[in-house]
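Each number in this note's numbering corresponds to the 1-based position in the sequence shown with 413 added.
Rather than coming from a laboratory, the hints here were simulated on the basis of the structure. Glycine residues also receive a C-beta, built at the ideal position from the N, C-alpha and C atoms. Misleading hints may appear alongside valid ones.
As the list claims (entries may be wrong) - Here are the simulated lysine-lysine pairs, DSS-like style, with alpha carbons at most 30 Å apart:
1) Lys605 with Lys453
2) Lys624 with Lys567
3) Lys420 with Lys567
4) Lys420 with Lys453
5) Lys567 with Lys422
6) Lys422 with Lys624
7) Lys624 with Lys605
8) Lys422 with Lys453
To be verified - Distance windows between CB atoms, simulated:
9) Glu419 with Glu589: 16 to 22 Å
10) Asp476 with Thr585: 40 to 46 Å
11) Gln612 with Lys567: 22 to 28 Å
12) Arg636 with His487: 20 to 26 Å
13) Glu588 with Asp483: 25 to 31 Å
14) Gln549 with Asn583: 40 to 46 Å
15) Lys605 with Gly474: 30 to 36 Å
16) Gly460 with His628: 26 to 32 Å
17) Glu635 with Lys567: 28 to 34 Å
18) Glu608 with Arg470: 32 to 38 Å
19) Lys605 with Pro485: 30 to 36 Å
20) Phe573 with Trp616: 17 to 23 Å
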Amino acid sequence: MSAVLEKIKEHGNWHVIIRPETFIQERIDLLSLCEELVEKHQVRHRGWYFPHTDASRLQRGLDYIELETDCPPHPEAWRFYQSGQFVFWSALGEDHLEHYPFQGTGREVQPGEWLRVLSSLFRLSEVYEFAARLAQQGVLGDQLCLRVELNGTKGRVMEFSTPDRSMGMNCTCIEESLPRERVFRTSEFIPKARELALQHFIWLSERFQCKALEHVFRRDQERFFEGRY
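Full structure from sequences and hints, please.
As structure tokens, then:
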């Protein structure tokens, strides 16, 4: 395990796997095409794109490309295989608040205490959007499998970063991790990706004992994709 991945797993993290349901080892002919796919279809609605790319650090393996970056507060590692499988790890920025010029909460927050509401919605929206873009290119075949796991959640409280909004009282998770895996027909997934991301966020919120109103967070998601969040 690399030092970056060790750092990511030290506290809370996101672990994402996007893959075709049917395995074909060289579904993508060339490693250079893998690079082009990631660069062209990354999701660019925040200052830190999903997934992060840096040509100077990109590595090529036997049948994959990979990138690790330890740029605070975004330790991140991903690998994209010629089979079409994309594997992603990222630390939770909430556990690296010492790197933020503005903490937002106005109080000391220790690693493992806090999960930002909108950051979670935006992360899921990025994951599903990126999967849909790969699917549109035929990279994921007729069916795709999407697994998203949020780790380090036990005892963590889901909160907004500003005092003007609230998720309610005692929005605390009792589980160590929150994995969710589903298989979709690609043709059905592509037009519904953003709605599916929203539903995944609602699912996540419920496991933090929160009641998230769909119409409210649908507006938040729309503003995110419009660059107005």
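Going through the hints against the structure:
no., hint, result
1, Lys605 with Lys453, "holds (21 Å)"
2, Lys624 with Lys567, "holds (18 Å)"
3, Lys420 with Lys567, "holds (19 Å)"
4, Lys420 with Lys453, "holds (28 Å)"
5, Lys567 with Lys422, "holds (15 Å)"
6, Lys422 with Lys624, "holds (29 Å)"
7, Lys624 with Lys605, "holds (23 Å)"
8, Lys422 with Lys453, "holds (28 Å)"
9, Glu419 with Glu589: 16 to 22 Å, "holds (18 Å)"
10, Asp476 with Thr585: 40 to 46 Å, "holds (42 Å)"
11, Gln612 with Lys567: 22 to 28 Å, "holds (23 Å)"
12, Arg636 with His487: 20 to 26 Å, "holds (22 Å)"
13, Glu588 with Asp483: 25 to 31 Å, "holds (28 Å)"
14, Gln549 with Asn583: 40 to 46 Å, "holds (41 Å)"
15, Lys605 with Gly474: 30 to 36 Å, "holds (33 Å)"
16, Gly460 with His628: 26 to 32 Å, "holds (27 Å)"
17, Glu635 with Lys567: 28 to 34 Å, "holds (32 Å)"
18, Glu608 with Arg470: 32 to 38 Å, "holds (34 Å)"
19, Lys605 with Pro485: 30 to 36 Å, "holds (35 Å)"
20, Phe573 with Trp616: 17 to 23 Å, "holds (19 Å)"
Checked against the numbered hints above, the structure breaks none of them.
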